[in-house]
Amino acid sequence: MATQERVGTKRIVVGAHYGTFDFIVQRCTAVIMAIYTLVLFFGVLFTSGMGFESWQNLFTFHVGVVPVGQLLATLAFISLTWHAWIGVRDIWMDYVKPAGIRLLLQVLTVLWLVGSIVYFAKVLWSL
Amino acid sequence: MSDSASKPRPQFRNISVPQIMSYRLPLAGKSSILHRVSGALLFLCLPLVIVPLFALSVTSPETYASIAEWVSNPLCKLVLLVLIWGYLHHFCAGIRYLILDLHIGMDKVSAQKSAGLVFGVSLALTLVFGLKLFGVW
Chain L
1 MATQERVGTK RIVVGAHYGT FDFIVQRCTA VIMAIYTLVL FFGVLFTSGM GFESWQNLFT
61 FHVGVVPVGQ LLATLAFISL TWHAWIGVRD IWMDYVKPAG IRLLLQVLTV LWLVGSIVYF
121 AKVLWSL
Chain F
1 MSDSASKPRP QFRNISVPQI MSYRLPLAGK SSILHRVSGA LLFLCLPLVI VPLFALSVTS
61 PETYASIAEW VSNPLCKLVL LVLIWGYLHH FCAGIRYLIL DLHIGMDKVS AQKSAGLVFG
121 VSLALTLVFG LKLFGVW
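First to last, the protein sequences are chains L and F. In terms of our numbering, the first sequence is residues 1 to 127. In terms of our numbering, the second sequence is residues 1 to 137.
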């Protein structure tokens with residue numbers, strides 16, 4: 001096992017490899033948010049007479065019976081919170097060494113983000 | 001436990017605040033720490049400012065119009081401007097990281113140049129949105 005997982009000549013990689021998974025998730029969610037940012041940006045830029053109606057329409061438009069605007073916003077928001085979870089957890093892991101305090105901060109982070117998702121979903125899906 | 005064949009790396013703990021302030025980071029280092037700071041800021045403001053503001057903007061024509069009132073407060077303007085900068089810096093620095101992940105621009109000179117570009121683009125866009133926010137046009 002160890003010989004297969006040797007990186008270079010010095011370092012032996014061990015563990016569950018969830019770091020690699022999080023690394024990839026962090027980048028995929030970033031790309032999703034970047035694309036959605038550009039979609040919104042050009043949506044605003046190319047709408048003549050931007051006002052409440054057309055702004056709301058960016059988040060409520062349907063294609064047939066499918067609420068595409070709401071789906072895209074929800075997917076982008078879930079990407080955002082997943083991305084934020086990995087980023088903020090990295091901050092705690094870098095600066096907070098005592099396991100108890102770190103765990104507490106991580107739990108609070110999850111509550112903060114899940115609360116944000118529910119809040120956002122309520123606003124968006126009651127339109 | 002992580003198993004390393006190399007010697008234990010030296011650790012520098014308890015660096016004091018004046019030391020951090022006088023520690024001269026290269027441009028890429030400044031972009032990196034500001035990437036973290038802006039990310040943390042956006043995280044903290046997400047349910048406090050960003051989602052409530054989104055709610056006002058999409059709920060009804062009345063709540064949409066109430067944002068203009070809210071923004072007329074200079075303190076709110078400042079908060080919004082900082083968040084705009086935070087988003088733009090995080091966005092630009094993030095795209096630089098994605099490009100670096102593709103092993104493009106890895107050498108020292110181009111990495112310094114792209115870090116400069118991150119500051120140039122994000123600050124210029126902040127200025128544009130800031131002028132718009134302060135109603136210059």
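One thing to keep in mind: the hints can contain errors.
[Stated by the list, open to error] Straight-line Cα separation of at most 30 Å, DSSO-like style, residue types lysine-lysine; simulated pairs:
(1) L/K97 to F/K30
(2) L/K97 to F/K113
(3) F/K7 to F/K77
(4) F/K108 to F/K30
(5) L/K122 to F/K30
(6) F/K7 to F/K108
(7) F/K132 to L/K10
(8) F/K77 to F/K108
(9) L/K10 to F/K77
It should be emphasised that the hints constitute simulated quantities derived from the structure, not laboratory data. Note that the coordinates shown come from a computational prediction; the quantities given were computed from them, not determined experimentally.
TODO: Would you list, in rising numerical order, the hints stated earlier that this structure does not obey?
DONE: 2, 3, 5, 7, 8, 9
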